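Peer 1: As a plain string of letters, each chain reads:
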Amino acid sequence: MREGRLLRAIAAPWTRLTRVQSLLWARKWGTLVGFAALVIFFSLLRPSVFPTVQNWSNIIEQVATLAIVSVMVTAVMVTGDFDLSVGALASLAGVVAVDLMANHGVPVVPAILIALLVGVVGGAMNGLLVAYGGLSAFVATLATMTAYGGAALLYTDGATLFSGIPEGFRWLGQGDVAGIPTPVIVMLVVVFLAWLLMEHTVFGRRLYAIGGNAEASYLAGIAVQRLRLAAFVLSGLGAALSGVILASRLFSAHPQAGNPFMLGAAAAVFLGATAFREGEPHVLGTVLGVLIMGVLGNGLNILGINSYIQSILTGVIIVLAVLISSLSRRR
Amino acid sequence: MVDEKPLLVMQDIVKQYSGVLAVNHASLSLLPGEVHGLVGGNGAGKSTLIKIMAGVVRPDHGQILLDGARLDLRDGSGAYRHGLSFIHQELNLVPYLSGAENIFLGRPYPKTRFGTIDWQVLNRRADEIMRGLGMRIRVDVPVGRLSRGEQAMISLGRAFVGDARIIVMDEPTAALTDEEIRSLFRVIRALKARGRTVLYVSHRLGEIFEICDRVTVMRDGSVVGSYPIGGLSQSEMIRLMIGRSLGEGMPSARNRSGRVFFRAEALAGGPVQGVSFDLREGEILGLAGLVGAGRSEVLHLLYGSIRPKGGRMWMDDKLFAPRSPAEAIRAGLAMVPEERHRQGLVLNRSVLHNITLPALDRFTRRTCFVNRAAEHVAGQKLAQRVQLKAASLDQRVNQLSGGNQQKVVFARWLHAPPRMLLLDEPTRGVDVAARFEIYRIIRELAATGVGIVLVSSDLPELLSLADRLIVLREGRQLAELPTAGMSQETLLHYCYGEVPRA
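Protein chains in written order, with this note's numbering: chain A, 1 to 331; chain B, 332 to 833.
So that you can see chain A by itself, here it is in the shape it has in the complex (with noise of 0.2 Å):
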């Protein structure tokens, strides 16, 4: 009798909310408390393992890559493009930046570069397939992917290239500043200004506008394609970044390496994209996505778990959190 009181007073606050209520928080904080879930459940399995600043910056050194080219593609889904031929962009920059420096003889620095010009180049060839020449944003990336990956193939003749790549190239990848992977201050700089740029600048807050409604955006007086193609540039020259910085880790350049970019950047937006805000892809939220994925991989791979299993549970997960999110966007 007294307990049964009791528990119902314990349950007072949340019998009250609504079902509205509650699929409203859930929308909100639902990813986050998601993320929290997985981070207690591999804490209790292994605590001795999992829960350690040592598998902490493991984990951030293993996610930098991602992240940097997830945040840059959220630019281009924030406007309601999607980019596709990101992996393949950042293998190609890969290739060509270890190819300037070990059989041509450029400088490490200018081989980066020019390494990063040709993401720029990439990003802005899609960017005028979808804006000027009209073609769906899936279509023209997919050509663009698909192309894309035949050059650095072609370029390397499929093989990977390991041989004659000067040692000072192996900082970007592998050095640090002050015991900090220098993968690890990249991202750092690059979420920063991602995020300054997507929520404090008018750029930024124009592509939300089009994103939004690109008809109401354009009737504004907002240059709509030309901002649409910025948002490319951004995204290839993210792909390059990610690219470079990833052969350096490997010390070698492969003409494939970067092409599963594509798959978890593209999961990290939608991750992101319900959490917090309703449904629209935003900087700190692919952080969070990129999270998920990385402690998922790492917590599955401390527990034994094959990395099959693991993409199964990717999937999963992403398929709940956006259903949660649009189930209760419904109404």
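Keep in mind the hints are simulated off the structure, nothing from the lab.
Remember, it's a predicted structure, so these values are computed and weren't measured experimentally.
Each residue gets a CB set at the ideal place from its N, CA and C atoms; glycine is no exception.
Hints may contain errors.
Claimed, not checked - Short derived list, chain A residues pointing at chain B, Cβ under 10 Å:
id : residue
1  : His200
2  : Gly204
3  : Ala216
4  : Gly221
5  : Ala223
6  : Glu278
Let chain A serve as the given structure and place chain B on it in line with the hints.
Peer 2: Positioned in the frame of chain A, the structure of chain B alone reads:
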């Protein structure tokens, strides 16, 4: 010959859209074997009533009786099963599919023994239907390859699949040539001879008089009445369609002797052909005409959002040829577009973000960072100026009423008043209180010297706001008139394409 017991009755139908009554206690009955006209001005509620009859829109109140039994329509195909058939204003064809497939879309296709589609039978039946309409149109090619008129006939053919007892035609002749209209009328007469009922909706009053037995007149969502066609003249019909007296509290401050700062000559593009006018500072120029007359397109030609096919414009005696809204805005133009949700607002963003959308670069620190404090202050001021009723500037704009949403669109252009404001149906779907506040804003802007071009289907609004009118019909400029002393009736006569005798 005509049985007096009604075949279909719509009883006391009410439908609201976000607080605005689209249909207000309307009733309509159709007799077997009659051709029944349905007329009314733009926005009188005809289309909504038909959508309710088709089961596409659910009424808030009222019922439909077929043969005296209550009809419950869950979706569009339900109406088809009860022998109702619809020809919509928009053709609604799938361009990649053949004429035969389009005609049978959503209906059971003839099947072979193996359960696959029997294409031969399908094509033959479609061909029979088209020939029954007196048409020789190939039904086995994708409709995308047919001419616009042929497509219209295919969509007509759709209504004749099965044996519909009631055929509803919503502006069926909009895309037809004279000859095609003749054959449509032959078909309608043949249907009538077979005892079928036709509900014929049209802006073209001449057609109503030619083909209909009775006519129902709607105005502002209500049915004014149903009349035998013989007892009505065209002028009487127009008078019934207007009815509403000029709204009180709509003073018409007649201007004005501002300087002519803008001229357009022989503008063409889209459906618009050869429209010319000039505009004075502080003047409100009205564009009158029926839906589809090309009024919105004139605004979009001025605004750079439709590519012109001809004509020239001058602003301050300098040639003016905007290639995009951005260029037009830089030259001092602004637009409140017709469809608030599709063209006006970014619905998932806040009130503030929508207000500052075109002028965001005014609130920057060090060239590209948004100064949120300055933005907020400016937004607050503009929201007050249009008397916006919102919980806060951070409220999402889709949570506002139609009237307040429209005020947000107005507010966006008041950062620096434009020189020329293009208004497309500025009070559509806006409640009465907000409507008068919008009139006040429009007048204030005109008083400060802004030249305004106003498109409105609301005749009292057009007559009381505008200083001068241009009447458009099928893309052409029919007349230029002063509004002083003009009655709605005269204006409507112009819109329907006849110049009233003095």
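Peer 1: It remains to establish, for every hint, whether it holds in the given structure.
Peer 2: Now the hints, each set against the structure:
no., hint, verdict
1, His200, "holds, 5 Å"
2, Gly204, "holds, 8 Å"
3, Ala216, "holds, 6 Å"
4, Gly221, "holds, 4 Å"
5, Ala223, "holds, 6 Å"
6, Glu278, "holds, 7 Å"
In the structure shown, no violation is registered for any of the earlier numbered hints.
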